[in-house]
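Enquirer: Residues per chain are reported as follows:
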Amino acid sequence: MSETASDTAPAPTGAPVPTHAELFFAFVRITVSGFGGTLPWTRRMFVEQKRWLTAQEFNDVYALCQFLPGPNIVNLTSVFGSRMLGPTGALAAWCGFLLVPFCVMLAASILYDRYGDVEYVRRVLAGMAPAAAGLIIATVGKMAGPMFRSFGPAPFVVLATAVAIGLLRWPLLWVMLVLVPVSIGLAWWTRR
Amino acid sequence: MKADGDLLVTLALQFAVMSLLALGGANAVVPEMHRFAVESRGWVSEREFADMFAISQAAPGPNVMIVTLIGYHIAGFAGALVTTLAMCGPTAVLAHFVGRVWDRFKDAPWRAAIQAGLVPISVGLVGASAIVLTQAANRSWLAVVLTVATAATAYWTRWNPLWLIAVAGLTGLTGLI
Chain A
25 MSETASDTAP APTGAPVPTH AELFFAFVRI TVSGFGGTLP WTRRMFVEQK
75 RWLTAQEFND VYALCQFLPG PNIVNLTSVF GSRMLGPTGA LAAWCGFLLV
125 PFCVMLAASI LYDRYGDVEY VRRVLAGMAP AAAGLIIATV GKMAGPMFRS
175 FGPAPFVVLA TAVAIGLLRW PLLWVMLVLV PVSIGLAWWT RR
Chain B
257 MKADGDLLVT LALQFAVMSL LALGGANAVV PEMHRFAVES RGWVSEREFA
307 DMFAISQAAP GPNVMIVTLI GYHIAGFAGA LVTTLAMCGP TAVLAHFVGR
357 VWDRFKDAPW RAAIQAGLVP ISVGLVGASA IVLTQAANRS WLAVVLTVAT
407 AATAYWTRWN PLWLIAVAGL TGLTGLI
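Going down the list, the protein sequences come from chains A and B.
Just so we're aligned, residue 25 is where the first sequence starts under our numbering, counting upward by one.
Just so we're aligned, residue 257 is where the second sequence starts under our numbering, counting upward by one.
Derived from the structure by calculation, the hints contain no laboratory data.
For every residue, glycine included, the Cβ atom is placed at its ideal position computed from N, Cα and C.
Where hints are given, some of them may not hold.
What the hints assert, rightly or not - A partial selection of chain A residues facing chain B, derived with a Cβ cut-off under 8 angstroms:
#1 GLN90
#2 ASN99
#3 ALA156
#4 MET171
#5 LEU197
To be verified - Below, simulated SDA-like cross-link-like pairs (lysine to any residue); rule was C-alpha separation at most 20 angstroms, straight line:
#6 B:LYS362 - A:ARG215
#7 A:LYS166 - B:ALA408
#8 A:LYS166 - A:PRO179
#9 B:LYS362 - A:THR78
#10 B:LYS362 - A:LEU88
#11 A:LYS166 - B:THR413
#12 A:LYS166 - B:TYR411
#13 B:LYS362 - A:ASN83
#14 A:LYS166 - B:GLN371
#15 A:LYS166 - B:THR409
#16 B:LYS362 - A:ALA87
#17 A:LYS166 - B:ASN416
#18 A:LYS166 - B:ALA372
#19 A:LYS166 - B:ARG414
#20 A:LYS166 - A:TYR86
#21 A:LYS74 - A:LEU63
#22 B:LYS362 - A:ASP84
#23 A:LYS166 - A:VAL187
#24 A:LYS166 - A:PRO64
#25 B:LYS362 - A:PHE82
#26 B:LYS362 - A:TRP212
#27 B:LYS362 - A:GLU81
Based on the provided sequences and hints, a complete structural model is requested.
Expert: Quick look at the structure:
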């Protein structure tokens, strides 16, 4: 196990290395308890409970997964599984992470398709939808908070992105093609 | 629920491309999903989109699973499978390979600049999602109150978000919203 791990990248210092099954079921557990988003639960299990990663290492892996396109947390399963146990570890983590949610969402899809227009279901969803939007607002607040408390170009990039995509509804591809180089350039400039 | 080949290919391409543009994760491309499924194709209504997002938030698992709901709604079981794999597969393979070499550039100044430059964009994209979802979900003043109250509670407390959604669902059950 340790050889596989050292082939790819160093395991977190002083941390126990999980087996494939442990990895698979850790992610199954995270998805079962991860109501309203899995990131807090993943962090809790990796950093606080299992201590497979330090807070700093978790932030580093998360930063990488923010740099990478795609669903962060799914990428995180792949990067983390891959670091612990190579490609098969990535696959074990990925499968563990997607198995239950896919089945659950399939069931939810069938139920929504059939009962989505029933009066009481409508009422409950009409209450849940605004709350779900509120949760995202809180997430943005938590993410943006540190940026808006420091000097630098970051707050302007946050606002420009939110306005272009959220209010003006410009196509994502074109906005990215302009803002990504500009933001990286500004970050490079202010760092020197 | 028809699931002809052309439709599935369209969904696969659309969601695979979307996943490659999803800087900052699934919540970052909620506006793009909305543009595609609601505004441009008309496959999903504004209300259904808000419902699906709420369900994906309340259900266990990652928020990206909204693509399973959208896929099923458009093309049944095959659609659900295609959108889920297209959204989660390619970038996970990419992540595996990049994750292996990423640490070698730990001290490279360009790496730090790329990270520092991309984080505010991903935050801005999630901000855009918040705007799109707030507009889609709020059809009454009481709904706006619910949004604000949930946002404030989630921001200032460490309560499990499930409880907040459950309370909101019960509030909705009274028929006030």
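Enquirer: Okay, which hints does this one fail, numbers in order?
Expert: none
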